[in-house]
Amino acid sequence: GAVVSQHPSWVICKSGTSVKIECRSLDFQATTMFWYRQFPKQSLMLMATSNEGSKATYEQGVEKDKFLINHASLTLSTLTVTSAHPEDSSFYICSARVGDSSNSPLHFGNGTRLTVT
Amino acid sequence: GIQVEQSPPDLILQEGANSTLRCNFSDSVNNLQWFHQNPWGQLINLFYIPSGTKQNGRLSATTVATERYSLLYISSSQTTDSGVYFCAVTPTGSGNTPLVFGKGTRLSVIA
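For the protein sequence lines, the chains are A and E, in the order given.
599 is the number that our numbering gives the last residue of the first sequence; the numbers go up by one with no jumps.
141 is the number that our numbering gives the last residue of the second sequence; the numbers go up by one with no jumps.
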């Protein structure tokens with residue numbers, strides 16, 4: 483149980499275009515989902531917290547107008563990279579947990595590798 | 031915020047060798063997880079271990095929460111164990127809060 487599905491696995495886009503990444507909790511409901519970003523040879527860094535039915539909260543240094551997050555249902559959160567540039571090329575990975583307490587494991591999707599040319 | 035330090039940063043092992051990876055954290059936690067990230071980027075959850083000891087095959091982990099560290103043991107290493115091992119924690123507190131990751135240990139197992 484507790485599977486998080488992320489789509490697409492990889493995407494290549496041209497500079498200036500927008501890309502949408504979907505994150506779904508397949509067998510549980512998630513009022514909160516977390517989006518991380520990982521640059522090559524680095525660790526995972528939290529970008530934003532997605533909250534169902536309300537605005538996402540962004541970490542310092544993450545542009546909310548560039549990385550649009552929509553958590554429209556209890557099983558789906560989307561991250562849209564708007565007007566993508568080569569420096570946005572990275573590995574994006576979402577996560578969620580069963581329940582609303584930190585006393586349970588966080589489950590991760592398989593990630594999306596974004597390349598902006 | 032909480033600091034998570036992993037050591038060693040890099041490790042090269044001969045196949046069949048044993049190893050211990052360490053994770054130190056700067057504050058009390060109510061969640062600690064160990065992950066293995068494979069070459070394709072997939073994050074494999076190894077252990078959810080905020081305290082105590084667990085074993086899964088050739089892997090085991092121990093967290094001593096009062097002393098703020100956790101250890102991951104790999105025995106009889108295989109080439110498929112290669113990759114990056116991350117420790118991640120959630121500080122003690124209320125609500126649904128994210129994991130904070132260490133910088134990882136990059137393991138290479140050679141035949």
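These are calculated hints, taken from the structure and not from any lab test.
Remember, it's a predicted structure, so these values are computed and weren't measured experimentally.
By construction, the Cβ of each residue, glycine as well, lies at the ideal position given by its N, Cα and C atoms.
Don't take every hint at face value.
Example chain E residues on the side facing chain A (calculated, C-beta under 8 Å, incomplete) [to be verified]: (1) GLN63; (2) ALA95; (3) TYR99; (4) THR120; (5) GLY125; (6) ASN126; (7) THR127; (8) LEU129; (9) GLY132; (10) LYS133.
Status of each hint after checking the structure:
1. For GLN63 (chain E), the shortest C-beta to C-beta distance to chain A is roughly 6 Å, which falls under 8 Å, so the interface hint holds.
2. Annotation: interface hint on ALA95 (chain E) violated; nearest CB of chain A at approximately 13 Å, more than 8 Å.
3. At about 18 Å, the closest approach between the beta carbon of TYR99 (chain E) and any beta carbon in chain A exceeds 8 Å, and the interface hint on this residue is violated.
4. Because the smallest distance between the Cβ of THR120 (chain E) and any Cβ of chain A comes to about 4 Å, under 8 Å, the interface hint for this residue holds.
5. Satisfaction of the interface hint for GLY125 (chain E) is found here, the shortest Cβ-Cβ separation to chain A being roughly 7 Å, below the 8 Å cut-off.
6. The closest approach between the C-beta of ASN126 (chain E) and any C-beta of chain A is roughly 5 Å, which is under the 8 Å cut-off, so the hint is satisfied.
7. The restraint placing THR127 (chain E) at the interface with chain A holds, with a minimum CB-CB distance near 5 Å, inside the 8 Å limit.
8. Checking LEU129 (chain E) against chain A: minimum C-beta separation of about 5 Å stays under 8 Å; hint holds.
9. Because the smallest distance between the Cβ of GLY132 (chain E) and any Cβ of chain A comes to about 7 Å, under 8 Å, the interface hint for this residue holds.
10. Using the Cβ-Cβ criterion of 8 Å, the hint placing LYS133 (chain E) at the interface with chain A is satisfied: the shortest such distance is roughly 5 Å.
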